[in-house]
Structures are given as C-alpha cells and as structure tokens.
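Engineer: Sequence:
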Amino acid sequence: MKTRFFSGKPRLVFFLCYTLLFILAVQAAAFVLPFVLSLLTAVLMKPLYDYLRTSFRFRSSFAATALTLLVFGVVFAVIGIILFLAVNQALSLLENYRGEIVELFRAPALFDTLKENIVSGNLLRTVTSVASTLFQAVPLGITFVIVTFALTVYFLHHLGKLRDDLLNRAGEYGEVLGNVMHIAGDTLRRLIRSYLILYAITFAEAVFIFYLTGVEYPIAFALVTAVADVLPILGPGVVYVPFAIAFILQKNYIGGVILLVYFLLTVVLRQILEPRIVSDQVKVHPLVVLSAIYFSIVSMNIWVLFYVVSIFVAYRILNAAHVFDADIQ
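Mapping the sequence shown onto the numbering used here, position 78 (from 1) lands on 78, and the numbers just tick up by one.
The set of hints was computed from the structure by calculation and includes no laboratory data.
What you are looking at is a predicted structure, and each value in this text was computed from that prediction instead of being measured.
Incorrect hints may appear among the rest.
Label-pair distances were calculated between CB atoms; the ranges are [as the list claims (entries may be wrong)]:
1) Gly80 - Leu48: 19 to 25 Å
2) Ser299 - Leu70: 35 to 41 Å
3) Tyr253 - Val26: 41 to 47 Å
4) Leu212 - Phe15: 45 to 51 Å
5) His158 - Val241: 42 to 48 Å
6) Arg169 - Leu40: 21 to 27 Å
7) Phe208 - Asn301: 28 to 34 Å
8) Gly80 - Ala137: 16 to 22 Å
9) Tyr211 - Arg57: 44 to 50 Å
Beta carbons: idealized from backbone N, C-alpha and C, even for Gly.
Could you build all of it, start to finish, from the sequences and the hints given here?
Structural biologist: Shown next as structure tokens:
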C-alpha cells in the first residue's frame, strides 16, 4: 500500500503543522534554545570536525571538545571586546562632561529627591529589585553556557550516529528523510554564508565611516557594528546613533550629521542587498525576504521575520526532496 509523507492535501497539512510547531517553539524558546543553538552549531562545524578527524586523526571526543572551545572562545572574545569598547567610550564621554556632572551632583534638588526616596523606601526597593534580578540572571547565564557547551560537544561527537539511528527508525520514510536532512544542512550553510557576506559588508562600511569621522579604534568599533547588525530593527544603529549623539554633544556637528545620514543610507542599502543575497543563496524569491523584513518591521516582532523566511525555506527543502509529490512504498 502506498502512503504519502503528508496525507491529504500535503501542502496545507505542512503549512498548518509548521505554523503550530513554530508557535509552540516560540512559547518554549527559553527551554529549547540551548538545544537548538547547540544542534545548529554542531551542524555548521561538522565539515571542520570531519576534516580534523580524517586529516590529523584526532580522536572524536578531542576534536569535538577542541572545536567547541574554539567557537565559544571566539564568541566570548567578541563579547569582551564589545564590553571593553563600550565602557571605554562611556568613560571618555564622562570625562568630557566631568564639570557638568559634578555640578549636577552638587544641586540641592538631587539631595532632596534622594532623601525623599530613602524615606519612602523607593530607593531600597529599586536596589533590592536590581540586585535580585542580577542574582537570578548570573546563575541562569552560567548554566545556559555550560548546558549549551556540553550539548554542542555531544551533538558534534554523535551527530553521525544520531542521523543514522533516526533514518533507521524512519523505516519506509528513511530515504526521503535522508534527502530532506541533506538539503536542509546545505541550505543552512548557504543561509549562514549569505548573512556572513552581509555582516562583512557592514564591517567594511563601518571601517570607512569611522575613519572618515575620526572615531578612535575604528576597526574595533566596526567589528562591534557588524555584531550589532545581528539585532533586528535597530542593527548598526545601536552604534551609529550613540556616536552621532556624542559628536553633537561635543559640538562636532558635521561628524554627527554624517553618522546619522550614513546610518539611514546603511538601512536603505541593507533592505536592497539582503533580499538579493539571501535569495541567491537559499533559492528563495527576493520578494519573500523583502516581505518578511517588512512584516517584521511593521509588527515590531523579530519572530515574524523568522517565521516567514523559515516556512518558505522549509517548503523549498521539502519540495526539492519530493516530499509533497513522492509516494512511499
């Protein structure tokens, strides 16, 4: 008897199932995030992992652990650079306005406000709330890093075995599922490659504009700008706008205006390049990517962008694997 991978109207079933699973995944994001991140990282590192094992004959566990340490080290190094530059820039700005800040703290109104908050207990409640949040966030962050690290090592070490076991359990759907996994892995790498191209363009643009406006450490801040480009909606604006405001406060109006204008040009250029580059890499129509970006901006919700792009990418993967029109013996 012949059966279909999706029974009934396959495309409608896929759309409904994917939408339901996506909603559940978003609601459970805090719980599944370490597993998703570690699995994606393992899939992306798999070619390098195989190269180390075959070319240098590293043990599987050693290669998996070493690669994971390298990736986590790079991530934390970038975060450290960003924090260092942010603190350094903040201290520099405070130094420029030290006189105004001293006068502000000498103002009687400030002491009256502090006294009122202390008497009413507002200050104590605020300090307690902030301290409680920090005490909860620090252990949670450490646990998240440890769990993600361990899962990445595990997935990288056992990815081949997990794949073979899944295909064996799939039975009559094994061949189709294998095609889906192969195409999905290739598409994921193409998608990552397309965004790396976009971030490289952002980095090059930032180096140029920071050199032009005389920003200290232009290459380092350009790296921060490229990392900030990952953020939805704001993107490089979290770097360009504060610099522009700082320049204007320092009466460097030309530099501030140049940064603001260049930020707007960067946004426009990104909206033109992103649909084209992403669609070329993952073989999705540019209109889909452009629509996803627009829907995300209008709704002010990054999940809308992920949903629209991912459902079309998933559809293309399944369609390329002939899931919708293939009968399984």
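Engineer: Does each hint fit the structure? Answer for all of them.
Structural biologist: Verification of the hints:
1. Gly80 - Leu48: 19 to 25 Å: holds (24 Å)
2. Ser299 - Leu70: 35 to 41 Å: Holds, since Ser299 and Leu70 (Cβ atoms, about 37 Å apart) stay within the stated range.
3. Tyr253 - Val26: 41 to 47 Å: holds (44 Å)
4. Leu212 - Phe15: 45 to 51 Å: Holds - the Cβ-Cβ distance for Leu212 and Phe15, about 48 Å, lies within 45 to 51 Å.
5. His158 - Val241: 42 to 48 Å: holds (45 Å)
6. Arg169 - Leu40: 21 to 27 Å: The hinted range 21 to 27 Å holds for Arg169 and Leu40, with Cβ atoms some 22 Å apart.
7. Phe208 - Asn301: 28 to 34 Å: holds (32 Å)
8. Gly80 - Ala137: 16 to 22 Å: holds (18 Å)
9. Tyr211 - Arg57: 44 to 50 Å: Roughly 46 Å apart at Cβ, these two residues keep to the hinted range, so it holds.
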